[in-house]
Amino acid sequence: MVGFYTLLYKEMLRFWKVSFQTVLAPVITALLYLLIFSHVLEAHVQVYPGVRYTAFLVPGLVMMSMLQNAFANSSSSLIQSKITGNIVFMLLPPLSYLEFFAAYLLASVVRGVVVGLGVFVVTLAFTQLTILHPLWLIVFAFLGTGILGALGIIAGIWAEKFDQLAAFQNFLIMPLTFLSGVFYSIHSLPAFWQEVSRFNPIFYMIDGFRYGFFGIADVTPQLSLLVVGVCFVALSALTLILLKSGYKLRH
Amino acid sequence: MGTTPAILVRQLHKHFGSLHALQGIDLEVQQGEFFALLGPNGAGKTTLISILAGLTRASSGSAAVMGHDVVKDYRATRTALGVVPQELVYDPFFTVREGLRIQSGYFGLRHNDDWIDEIMAHLDLLDKADRNMRTLSGGMKRRVLVAQALVHKPPVIILDEPTAGVDVELRQSLWAFIRKLNEDGHTIVLTTHYLEEAQALCNRVAMLKQGRIVALDSTANLLKSIAERHLCLRITPDALPAGLAARVVSYTEGLYVLALDHYADMEGVLAQLRESGICIQEMELTQPDLEDVFVQVMGAS
Ligand SMILES: Nc1ncnc2c1ncn2[C@@H]1O[C@H](COP(=O)(O)OP(=O)(O)OP(=O)(O)O)[C@@H](O)[C@H]1O
Ligand SMILES: [Mg+2]
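These protein sequences, in sequence, are chains A and U. If you read the first sequence in my numbering, its first letter stands for residue 1, the second for the next number, and so on. If you read the second sequence in my numbering, its first letter stands for residue 252, the second for the next number, and so on.
Please keep in mind that the hints were generated in silico from the structure rather than gathered at the bench. Values in this document were obtained by computation on a predicted structure and should not be read as measured data. Glycine is no exception: its CB is placed at the ideal position from the N, C-alpha and C atoms. Treat the hints with care, as some may be off.
[Claimed, not checked] According to the in silico footprint, chain U covers these stretches of chain A (three or more CB under 8 Å from chain U): (1) 6-18; (2) 78-89; (3) 237-247.
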């Protein structure tokens, strides 16, 4: 257990030492989205009755920031360690693959949640939000960041260069997050794109998270939980299998 | 101490694609030995060490550290093993002390500061303790690598070229420290391209060439295996008697190097010089060193 705590501590210390980039920067990015989109769309769009667009947007932005940062944490830490070679410091000790997985995953969750809280606090200046179902909100925050943290571990193990990781981020993570209903309800999309969105797990993370705030969402929170839960278990299992086999880490 | 060998390797093979990097290595290192693994670049030293450390998986064969199989019993193996990697790697996010504390934690150790301070003192790192790793010179980073390998007081310590790029002073203090660890019962295995280091420190030597062990014996026996000794001579007049011509190994700028098969041959050489009325200006009898053995072994196989 000491090994796990130490690795978790090391991963958190790592992002905390550069919190300017890892926490402050994403909060500012989210703030810019909020300013621009709410300025342009506030008067024109009402997604749910009685919910102003700015208020609708905030949970989406919070969740998007959490997911992107959870992914960034594990993936960038691993690729840096691999490229600089200091991954041997973690491969030489008797850390089990389970400890390795849990530490990287949890550090990603913590980074995601810290950024999410930061974004949420900053947006309080622009809109008042009531949280109707905090438990749903928390469940989706943890599962969502957990999934992206696991995906980050997979990407970090798989990628051999920074540009491979960037490709993973640009061609998979970014499209999935942007096409997930952060900025709109999927009901406002044409039928075809609505159907496509239903195959995007991130849509369910955001929809479920939003339900935690407003008590209304595009699909039921139970369905979202099912999809997100299955994704979490499947990706965790895949990550554990890769780690256990030593894939790309131990030749 | 028991009779379990510190390191036991049986018929170890490693393929990298079409390259057969290790071709059936058999090796046994007893507890308490100070062992050298020598060989030219690309011989397979690092590959063998990586397999012992679990960084690389063998293609076939088995390897054990302190009786623990490196694959099946990987946690026990890694607890028993401290490895100083050949590559100069470091984590740019942390200070020296943070790095050593974290490394202790990975081995399950919480309050390890006394030992960390002791290691840092031996490696002359105390004044760098709170410096970020990024700001250290290459030799200093190498010292930290050595320190990191020792945080958990491993019974078996493997050093892969620990003195590459390290100044004379540290080499001496490093070897004094490692020697002390060896006297305290730690098994030491080292690779180095400075053969005089290996000769001075190690009681046994394995020489690797292209993935095969081509010599394995005590340092003393290996040195004895070279019967030939060299006699260096500067003489006036500078004309060697014809009877000694067969012994000449080299002649450069007035300095003859003659080969002697036995010490007893000295008598004859000196007698011939005297008879020819030659004066000796300078004379030195050199002992064969590990480098001579290395050159001979590598040339022969
Ligand atoms: N990951 C790898 N992929 C492919 N080939 C490798 C890999 N690692 C080592 N090799 C090859 O295996 C052979 C043995 O390499 P190794 O690093 O074990 O040599 P070494 O004895 O440590 O040499 P040096 O004295 O230069 O450190 C070399 O031909 C090397 O190119
Ligand atoms: Mg090597």
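Results of checking the hints against the structure:
1. Counting residues of the stretch 6-18 of chain A whose CB falls under 8 Å from any CB of chain U gives 8; the rule of at least 3 is met.
2. For the stretch 78-89 of chain A, the stated coverage by chain U is satisfied: 6 residues place a CB nearer than 8 Å to a CB of that chain, which reaches the threshold of 3.
3. Residues of the stretch 237-247 of chain A with a Cβ under 8 Å from some Cβ of chain U number 1, which does not satisfy the need for three, so the listed coverage is violated.
Of the numbered hints stated above, the single one contradicted by the structure is hint 3.
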